[in-house]
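A.B. asks: I would like the entire structure built from these sequences, with the hints used as guidance.
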Amino acid sequence: MDVRFEHVSLAYANKQTNILTDINFKIPAGQLTCLLGPSGCGKSTTLNLISGLLEPTKGQIFFGDKDVTRLDALERKVGMVFQSYALYPHMTVLENICFPLRMAKMAKAEMLKRATELAQLVHVDAELTKKPGELSGGQQQRVAIARALAKSPSILLLDEPLSNLDARLRVEMRDEIRRIQKETGVTTIFVTHDQDEAMHIADQIMILNNGTIQQFAAPNTIYAQPQNLFVAKFIGNPVINTIALNDHHRTDFVKLVPKDILAKATTLAIRAESIVPINSVDTLTHPFSGIQLETYQFGPEVTTQIAYHGVPITSNQFNTHTWVNNQHPIPFELHKNGYFLCDSNDNVIWPLKEPLVVTR
Amino acid sequence: MKNKKITLKSTLVAYMYLSPMLIFTLIFNFYPIIKSFALSFYTKYNFYTDQVSAIGLDNFKYIFADPDFKKATINTLIFVVGVVPIAVILAMILALLLYRIKFLASFLKTIYFLPFVTSTVAISLVWQWIYNDQYGLLNSFLGYFNIKPINWLNDPHWAMFALIIMTIWKSLGFNIILFLAGLSNIDKRYDRVAQIDGANTWQRLRFVTIPLLSPMTFLITVNSVISGFKVFDEIYILFGGNPGPGSSALTLVFYLYRAFYTESQYGIAAAAGVVLFLIILAVTLIQFWYSKKHVHYV
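As given, the protein sequences belong to chains A and B, one line each in that order.
The first sequence begins at 1 in the working numbering and counts up one residue at a time.
The second sequence begins at 1001 in the working numbering and counts up one residue at a time.
Hints are computed from structural coordinates only; laboratory data are not their basis.
None of these values were measured; they are calculated from a predicted model.
Just to be clear, a hint being listed does not mean it is correct.
Label pairs and their calculated CB-CB ranges [as the list claims (entries may be wrong)]:
| no. | chain 1 | residue 1 | chain 2 | residue 2 | range |
| --- | --- | --- | --- | --- | --- |
| 1 | A | Glu301 | B | Leu1012 | 52 to 60 angstroms |
| 2 | A | Ser136 | B | Asn1223 | 30 to 38 angstroms |
| 3 | A | Gly133 | B | Leu1114 | 36 to 44 angstroms |
| 4 | A | Gly133 | B | Leu1281 | 25 to 33 angstroms |
| 5 | B | Leu1108 | A | Asp22 | 42 to 50 angstroms |
| 6 | B | Leu1108 | A | Asn220 | 58 to 66 angstroms |
| 7 | B | Leu1018 | A | Asn210 | 55 to 63 angstroms |
| 8 | A | Val239 | B | Ala1181 | 44 to 52 angstroms |
| 9 | A | Glu134 | B | Ala1181 | 23 to 31 angstroms |
| 10 | B | Leu1012 | A | Gly133 | 52 to 60 angstroms |
As a list, the in silico DSS-like pairs of lysine-lysine whose alpha-carbon atoms are at most 30 angstroms apart [to be verified]:
| no. | chain 1 | residue 1 | chain 2 | residue 2 |
| --- | --- | --- | --- | --- |
| 11 | A | Lys131 | B | Lys1188 |
| 12 | A | Lys130 | B | Lys1044 |
| 13 | A | Lys264 | A | Lys353 |
| 14 | B | Lys1293 | A | Lys113 |
| 15 | B | Lys1035 | A | Lys131 |
| 16 | A | Lys108 | B | Lys1293 |
| 17 | A | Lys105 | B | Lys1188 |
| 18 | A | Lys58 | B | Lys1102 |
| 19 | A | Lys108 | A | Lys58 |
| 20 | B | Lys1102 | A | Lys130 |
| 21 | B | Lys1293 | A | Lys105 |
| 22 | A | Lys77 | B | Lys1292 |
Computed footprint of chain A on chain B; a stretch qualifies when at least three of its residues, placed anywhere within it, have a C-beta under 8 angstroms from a C-beta of chain A [what the hints assert, rightly or not]:
| no. | segment |
| --- | --- |
| 23 | 1181–1190 |
| 24 | 1203–1215 |
Just so it is clear, CB atoms sit at the ideal spot from N, CA and C, and this is done for glycine as well.
C.D. replies: Put into structure tokens, the structure is as follows:
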């Protein structure tokens, strides 16, 4: 079922400022959508508004064609998974999965059948008689997902479900959640502050900051065409290089960017992997030059710091053997993708792109 | 210094730190317990010169033949059965209600806690007045419902009932505080998850809150049972030094007290103490056995 927000705002009664301001979006049915943003950006608040645990101060929320603004979580039939799993510690895995079905007064045989199926889906069928305390974090999260799926929810909501897991398990569970979502086809909304996680798991990502949507698009679109500097900075590792333009920089770009755009531009943002050695493929055929500052190697990863007209920027496209001496002049080129010019409002004004279609 | 080797010296140092408390415990707790066990077997004994002339099982034979002891045992059991379930359940209900309200909650907590910090003597005196057959608050209240005045404290049929009501009331404060502490230890997320899982208020209480509260319920029950078996002060004050009209509120500890102080039958008193100890031990062990199945430690 798709989820639609129309002019939704939320403010707490005792505070003046809005937590969310005039939010409009449509989350498509049957897909996995990530709400991504730094802490305090409003992503968990948005999730709670979808779940019905919070009620908006203004605006309307639709599930499909149905206005659910005044309905609570139960009436909206959402399934929810929390960061802390929140499995009932006194019940076994089977009892945990069965609980929503028991509350829905399902017949016992049918209930056990469904719970077993779900346990198989999330791969915890060997742990049915154990208590949550005896399970690993990943297994607990699997059980929590099975429990949330038990009552065939209209929408599955996951609130930072991987944050309590260690790095390796997080990658494993990330793929598992994606697999489970694809197998069940349930509309899934996933909250995270980890851009890498969002990039890997989502069909589309909604980036929020300060209670407003910064961009809502497919992961690769967001990466390739960030709407503004915030999105460009938030997505990608290493963090995109940002350069406050000075006259030297502008001179370098005169031949590459129309005059009027260059005049408006105040910031240049370049992804580390778009700073490449001369004669690489798919580059702007225009040499730049800088001074090499430092080179670091972390396993297979090599990062080179370059002073570009006095501004230090980082590239990860040079190998260690290319330049060994510090303070050596280093020519480089820019990849066709992965550099952006922003105006004084931090909006990306170059490269020009198709006007963003706001899904409604 | 976790890696330090355990040596004779380090052990002695540890004992030295422990010794002040240990010595007090040994002298004032452990020694009297051993001594009273021994005392229960002294059949001929001079308390003042500490001369034991004969030992045997006569004290136990005597109390098991004594109708008063039988009565005291039955009364004590009635008292425990009358007080503990209601005291625990009522405290739990009140705690659940107090936990939900925000308005005046701390004021009400104080009110409920007051009986615990007030001396039993003062409470019993107030209740003596409440229970007074002519001027008492309770009878005058019942009068509104056309119930004839009951002679609470002098009618053998009502004395135990009066004692039970007062004890329940007195125990509420402390038990409520414990239950509130237990409730605040339960993660609120479980309630929220259960809500999303479709459990209504009553189901959340039954399937989530009460099971998760069970360790505290168990603690309070064991504590209430033990203090129920040891009831004495309330009776002594409420009935003016007597075990109620016609010994209707004679309990094991009162029996023990009477044997020791009034009748100077030290061996009998000690034997009654040993029996009481064994009863409490048995009941507590049963409770622990039961708790293994029904108490959920998280």
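A.B. asks: Confirm or reject each hint.
C.D. replies: Each hint, compared with the structure:
1. Glu301(A) / Leu1012(B): 52 to 60 angstroms: With a Cβ separation near 58 angstroms, glutamate 301(A) and leucine 1012(B) satisfy 52 to 60 angstroms, so the hint holds.
2. Ser136(A) / Asn1223(B): 30 to 38 angstroms: holds, 37 angstroms
3. Gly133(A) / Leu1114(B): 36 to 44 angstroms: With Cβ atoms ~39 angstroms apart, the hint holds.
4. Gly133(A) / Leu1281(B): 25 to 33 angstroms: holds, 31 angstroms
5. Leu1108(B) / Asp22(A): 42 to 50 angstroms: Between leucine 1108(B) and aspartate 22(A), where Cβ atoms are some 43 angstroms apart, the hint holds.
6. Leu1108(B) / Asn220(A): 58 to 66 angstroms: Cβ of leucine 1108(B) to Cβ of asparagine 220(A): about 59 angstroms, so the range 58 to 66 angstroms holds.
7. Leu1018(B) / Asn210(A): 55 to 63 angstroms: holds, 59 angstroms
8. Val239(A) / Ala1181(B): 44 to 52 angstroms: holds, 47 angstroms
9. Glu134(A) / Ala1181(B): 23 to 31 angstroms: With Cβ atoms ~27 angstroms apart, the hint holds.
10. Leu1012(B) / Gly133(A): 52 to 60 angstroms: Roughly 40 angstroms apart at Cβ, these two residues miss the hinted range, so it is violated.
11. Lys131(A) / Lys1188(B): holds, 19 angstroms
12. Lys130(A) / Lys1044(B): Violated, at roughly 60 angstroms.
13. Lys264(A) / Lys353(A): Given pair lysine 264(A), lysine 353(A) holds - Cα atoms ~17 angstroms apart, limit 30 angstroms.
14. Lys1293(B) / Lys113(A): Holds, at roughly 27 angstroms.
15. Lys1035(B) / Lys131(A): violated, 47 angstroms
16. Lys108(A) / Lys1293(B): At roughly 23 angstroms apart (the allowed maximum being 30 angstroms), lysine 1293(B) and lysine 108(A) satisfy the hint.
17. Lys105(A) / Lys1188(B): holds, 24 angstroms
18. Lys58(A) / Lys1102(B): Holds, at roughly 27 angstroms.
19. Lys108(A) / Lys58(A): The hint is violated at about 43 angstroms.
20. Lys1102(B) / Lys130(A): violated, 38 angstroms
21. Lys1293(B) / Lys105(A): This hinted pair holds, its Cα atoms lying about 26 angstroms apart.
22. Lys77(A) / Lys1292(B): Violated, because 37 angstroms separates the two Cα atoms, which is more than 30 angstroms.
23. 1181–1190: Since 3 is at least three, the answer is holds.
24. 1203–1215: holds (count 6)
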